[in-house]
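Peer 1: Chain E is fixed; fit chain A onto it per the hints.
Listed in order, the protein sequences are those of chains E and A. The first sequence begins at 20 in our numbering and counts up one residue at a time. The second sequence begins at 11 in our numbering and counts up one residue at a time.
It is possible that some hints are incorrect.
Covered stretches of chain A (chain E as the covering partner; in silico rule of three or more C-beta atoms under 8 Å from a C-beta of chain E) [stated by the list, open to error]: (1) 12-26; (2) 68-82; (3) 138-147; (4) 217-224.
Worth flagging that the hints you see were computed from the coordinates, not collected in a lab. Note that CB positions come from ideal geometry on N, CA and C, so glycine has one too.
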Amino acid sequence: MQSIAIPKLQQAWTFKATFEGDLPPKHYQSPNVLLSNPGWMDEHFRRPIEQLEFYLPTGHKILMRGFEQYNFFLEVAQDLGAGGRFAIDAVFLCGKLSGKPVVYRWRIGGGHCTQDRVRFGQEGLGMTPSRGWKRGVAGRISSLVVEG
Amino acid sequence: MAKPNTTFLVNNSSNDGTNIGNAAGGAGDASSNWLVVDLVNDILAFLDTQQADGDADTVGPYPVIIPAAGSIEAPKTFLIDDSASVYDQIPLAGSDQGFQSGGNTRYVFAIYFDGATAGIPYLEAWDDNTHTTIASTFLGAGTPANSTLKAIATTDAAPGSASWAGTPLAGTGSRISLAAAALGSAQNVYFNIRQVIASTFTPLTKTDGVLTLRYLYS
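Looking at chain E on its own, in the form it has when it is part of the complex (with noise of 0.2 Å):
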C-alpha cells in the first residue's frame, strides 16, 4: 500500500497524542485546533498518553513525554465593545511531572512559543486550575522543540 505524503506544515496547528501499548488506536490525531474542535475533551482516551506532539506553524514540533497526566487548552477572548472582536490567543500544553505539584507548560501565541514551569492547579488563566486532564506513563521526560 502506498502512503501518502504529507506536507509537514500541512499538520501546523495540530497535535498529536500516542497512547501506550500497541493495540489500535495508536495515535489520536487532532484537526487544526485553530479552525476545528481539538477534540481533546471530546475524545475518550482508553490508553494513558505515552507522547503529546504539537505541530508548530515554522515546521518544528513541541514534543512531552514522560509526563504522569497531560492537558490542553485554547485561550480565547471575545470583545464586547470596539467591533467584538474574537481572538485565539493562545494554546497551551501542559504536562504534570510524576509525584510532584509541578507542571511544565507551553504557551504558542502572539509568534512566540515558550515553556514554564507552574504548580500544578495554576496553570489555567489567573494562576488558576484547569480541567480535562488526562493519564499518561510517567518516565524519563522530554519537553523540547524539535524539527518536525
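Peer 2: Leaving out everything else, chain A in the frame of chain E:
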C-alpha cells in the same frame, strides 16, 4: 469539548431575575427581561441623568458630569442598541451610589456559555481590541487600582452590599473571575459593573475601549 458559543446579555428591566432564555434572552425569571447584545454594533455607555431610557441614538450622548469634589458613580448605564437605534437603559447596573436602581442586585449582565470551559472565565477591560495596553485614564493610566470601571461577579451570589465597591478593571492584572471553577456544562455567568469618575478626572471620550471575556476550552 468544542469551543463554547457565548452570548452577552443585559437585563433592561428593573426586576432582578435570571436569564432563563439563555442565548435567546427575552422574558426571564421574576419578570426580568434579557436583551441579547450585538457585540459588533452595540455600545455600553455610562452617562448622565439627562439621558433617558428609549432616547433615539441621535439624542445626546449626555456625558457624566465630573464632580467638583470627591467622586461620582455614573448615574445611568445604557446599551446603545444599534438595531433599535435607541439608548436602552440597564436600570439595575451599578451600586446604590448611582441614580438608577442598582445596588445589591445580582442578575444585571449575563454571559451565556452553551458548553463547558477548560478554565475559569474572566472579565477584563483594555484600551482597545489589541489587548496590549491599559494606558487610558479610564483604566487608571497604567495604575489598575485607579480604573474607573469597577465590576463584581454575581454568578454565585449577590454583591452582599448595595454600595458594593467592585474590582477595578484594567488588563489581566486587575480583572474578575466570573465563576469559582471551570464551567462543567452550559450555564449563564453574571456580573455587575459601574463607572466611578473622580473630581480630578480630565474630560475625555473613549469609544474604542473593550470589555473582554477570556476563557479556555479544549
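Peer 1: Please name the hints from earlier in the document that this structure breaks, with their numbers sorted from lowest to highest.
Peer 2: 2
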